[in-house]
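Asks: Chain by chain, the residues:
Protein chains: 2
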Amino acid sequence: MRADIQFVPVDVQVEKAEEKVFVVIDVLRATTTIIEALSNGCTDVIPVVTVDGAFDLAKKLPRKDTLIGGERGGLKVDGFDVGNSPREYTRDLVSAKRVILTTTNGTKALQSVAGCEHVLVAGFTNVQAVVQRCIALKADPVVVPAGGKGRFSLEDVVCGGMMVDLLGKEGAALTDSARASRILYKAFDRDLLEMAKSCEHGRELIRLGLEEDLAFCVQTNVSSSVPVFKKGSITLD
Amino acid sequence: MRADIQFVPVDVQVEKAEEKVFVVIDVLRATTTIIEALSNGCTDVIPVVTVDGAFDLAKKLPRKDTLIGGERGGLKVDGFDVGNSPREYTRDLVSAKRVILTTTNGTKALQSVAGCEHVLVAGFTNVQAVVQRCIALKADPVVVPAGGKGRFSLEDVVCGGMMVDLLGKEGAALTDSARASRILYKAFDRDLLEMAKSCEHGRELIRLGLEEDLAFCVQTNVSSSVPVFKKGSITLD
Numbered sequence: 001m002r003a004d005i006q007f008v009p010v011d012v013q014v015e016k017a018e019e020k021v022f023v024v025i026d027v028l029r030a031t032t033t034i035i036e037a038l039s040n041g042c043t044d045v046i047p048v049v050t051v052d053g054a055f056d057l058a059k060k061l062p063r064k065d066t067l068i069g070g071e072r073g074g075l076k077v078d079g080f081d082v083g084n085s086p087r088e089y090t091r092d093l094v095s096a097k098r099v100i101l102t103t104t105n106g107t108k109a110l111q112s113v114a115g116c117e118h119v120l121v122a123g124f125t126n127v128q129a130v131v132q133r134c135i136a137l138k139a140d141p142v143v144v145p146a147g148g149k150g151r152f153s154l155e156d157v158v159c160g161g162m163m164v165d166l167l168g169k170e171g172a173a174l175t176d177s178a179r180a181s182r183i184l185y186k187a188f189d190r191d192l193l194e195m196a197k198s199c200e201h202g203r204e205l206i207r208l209g210l211e212e213d214l215a216f217c218v219q220t221n222v223s224s225s226v227p228v229f230k231k232g233s234i235t236l237d
Numbered sequence: 001m002r003a004d005i006q007f008v009p010v011d012v013q014v015e016k017a018e019e020k021v022f023v024v025i026d027v028l029r030a031t032t033t034i035i036e037a038l039s040n041g042c043t044d045v046i047p048v049v050t051v052d053g054a055f056d057l058a059k060k061l062p063r064k065d066t067l068i069g070g071e072r073g074g075l076k077v078d079g080f081d082v083g084n085s086p087r088e089y090t091r092d093l094v095s096a097k098r099v100i101l102t103t104t105n106g107t108k109a110l111q112s113v114a115g116c117e118h119v120l121v122a123g124f125t126n127v128q129a130v131v132q133r134c135i136a137l138k139a140d141p142v143v144v145p146a147g148g149k150g151r152f153s154l155e156d157v158v159c160g161g162m163m164v165d166l167l168g169k170e171g172a173a174l175t176d177s178a179r180a181s182r183i184l185y186k187a188f189d190r191d192l193l194e195m196a197k198s199c200e201h202g203r204e205l206i207r208l209g210l211e212e213d214l215a216f217c218v219q220t221n222v223s224s225s226v227p228v229f230k231k232g233s234i235t236l237d
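Top to bottom, those sequences are chains A and B.
Per my numbering, the very first residue in the first sequence carries number 1; after that it's consecutive.
Per my numbering, the very first residue in the second sequence carries number 1; after that it's consecutive.
For reference, chain A alone in the conformation it holds in the complex (with noise of 0.2 Å):
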């Protein structure tokens, strides 16, 4: 096994995924909240990469069995049902509703690699559960940080260090990137919340008045849930 990281976000060339397990993370807090709303009954959450294309879909779906959530620019969009913090997908919001997220990074790095055969969706809540599941698949781990508009991002490549650390622990070999991300993880693990709080995109939701997201999306390992991405959609398999 050869665990790899993005460090940037790159379209994925489907062809060349093969034996591939792809592991979507965006920490701050699509991914984080995705989790979240399966753990709590969601059934499925639809990723859609414009606000539109979210309004369009919802049309075409039973209306009091769908939610429509996400955000720009860490707001919840107008019309929407729920924003993107993983605190609002609570049990009784989401249990037995279809979810129909967008978010401004979360969703597109998901459908830079739609398609792939094996795509899993991963945050500091998961990360056990996702290394174990890549081991069970017997296919070589490509960590895809969501990034930030197409930058780099600090939670997402702390979060993917923490993943490789595991894999390395389990005797996966590691690209340069993986390497790096390890070391940026060792960094940071001893103060997790400072690292989110410290990072440009912690400073902004923090800035939004949404500083309690951060302490929720550091937890670490308390989900068991694994969302994979098939065909358009995350459910738990």
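To be clear, the hints were calculated from the coordinates, so they are not data collected in a lab.
Keep in mind that this is a model prediction, so the values were computed, not measured.
Among the hints, erroneous ones may be present.
You can't tell identical chains apart in this list, so a pair holds if it fits in one copy or across any two.
Once the Cα atoms are required to be at most 25 Å apart in a straight line, the calculated SDA-like pairs of lysine to any residue come out as [as the list claims (entries may be wrong)]: (1) K138 with E200; (2) K197 with R2; (3) K149 with R2; (4) K149 with E18; (5) K197 with I183; (6) K149 with A173; (7) K197 with T175; (8) K108 with S225; (9) K60 with I135; (10) K64 with D140; (11) K64 with R2; (12) K186 with A129; (13) K149 with E19; (14) K186 with D165; (15) K169 with E200; (16) K149 with V10; (17) K197 with A172; (18) K20 with E200; (19) K20 with G171.
Knowing the structure of chain A, use the given hints to seat chain B on it.
Replies: Below, chain B without anything else, positioned relative to chain A:
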């Protein structure tokens, strides 16, 4: 001043590049070679993306004053005068000569910022001199690691992190990617040669019998030369 680093090569939009100074780094080996050639009296280096482009350009220039250099697969190209090892670019060979250079990654990285107002060429050998030039220019430095075939290159990011460390000491604000590169530099600064030997590109050069190049390329601050890339040509101003 704000210091930034691109973790993988991306094309720069020239119109957004005002008030920035781009610093291209391909430690193993193109930018180290350029620094060495110019330090040894070469008049200018013309980076060219393709082998055919190098031969075509050479036909238009006085043969006795021109050297064609570079590599494909790490090795000198048939018909070239010289390869891509900085150790080949001695004063005897290059003094008063122009060098046409084409390499797998470095010359592409240079082309990605061609047309930007301020583009400098750096390696471990001239980091301090490049930092001083950035400060004198009063422009925000953006480090551009050459990468390896579009991928993350540890040795270039570590060298960029050394630059960032010095810029930080001079009061520069750091982006998240710049902070990350500094952490990676600090993880390897006690033994840069070991880092070079262990990274993907270094291992490839060792396989090719070019291990001596690694020790040459990780010498720090042995040159005060600051190559400037402008209008298609790299000179010492």
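Asks: Is it within, between, both, or neither for K20 and G171, if the alpha carbons may be no more than 25 Å apart?
Replies: This pair counts as within: shortest intra-copy Cα distance 16 Å, inter-copy 43 Å.
Asks: If the cutoff is 25 Å on CA atoms, where do K149 and R2 land: within, between, both or neither? Let me know, please.
Replies: between (28 Å within a copy, 19 Å between copies)
Asks: Indicate which option fits the pair K108, S225 if close means a Cα-Cα distance not exceeding 25 Å: within, between, both or neither.
Replies: within (22 Å within a copy, 43 Å between copies)
Asks: At most 25 Å between C-alpha atoms: does K138 with E200 qualify within a copy, between copies, both, or neither?
Replies: between (35 Å within a copy, 24 Å between copies)
Asks: What label fits K186 with A129 when the C-alpha limit is 25 Å: within, between, both, or neither?
Replies: For K186 and A129, only the intra-copy Cα distance (20 Å) is at most 25 Å; the inter-copy one is 31 Å.
Asks: Please sort K149 with A173 into within, between, both or neither, judging by C-alpha distance up to 25 Å.
Replies: For K149 and A173, only the inter-copy Cα distance (20 Å) is at most 25 Å; the intra-copy one is 30 Å.
Asks: When no copy is named, should K60 and I135 be tagged within, between, both, or neither for a Cα gap of at most 25 Å?
Replies: Neither, since 38 Å and 57 Å both go past 25 Å.
Asks: How do K169 and E200 come out at 25 Å by Cα distance, when the copy is not named: within, between, both, or neither?
Replies: between (30 Å within a copy, 20 Å between copies)
Asks: Given identical chains, is K64 near R2, meaning Cα to Cα at most 25 Å, within a copy, between copies, both, or neither?
Replies: neither (44 Å within a copy, 49 Å between copies)
Asks: Go through the copies and call it for K64 and D140: within, between, both or neither, with a Cα cutoff of 25 Å.
Replies: neither (40 Å within a copy, 52 Å between copies)
Asks: Checking K149 and V10: alpha-carbon separation at most 25 Å within a copy, between copies, both or neither?
Replies: Both, since 12 Å and 13 Å are each at most 25 Å.
Asks: Within a copy, between copies, both or neither: which one fits K149 and E19 at a CA-CA cutoff of 25 Å?
Replies: between (28 Å within a copy, 21 Å between copies)
Going through the hint list in order, the structure does not satisfy hints 9, 10, 11.
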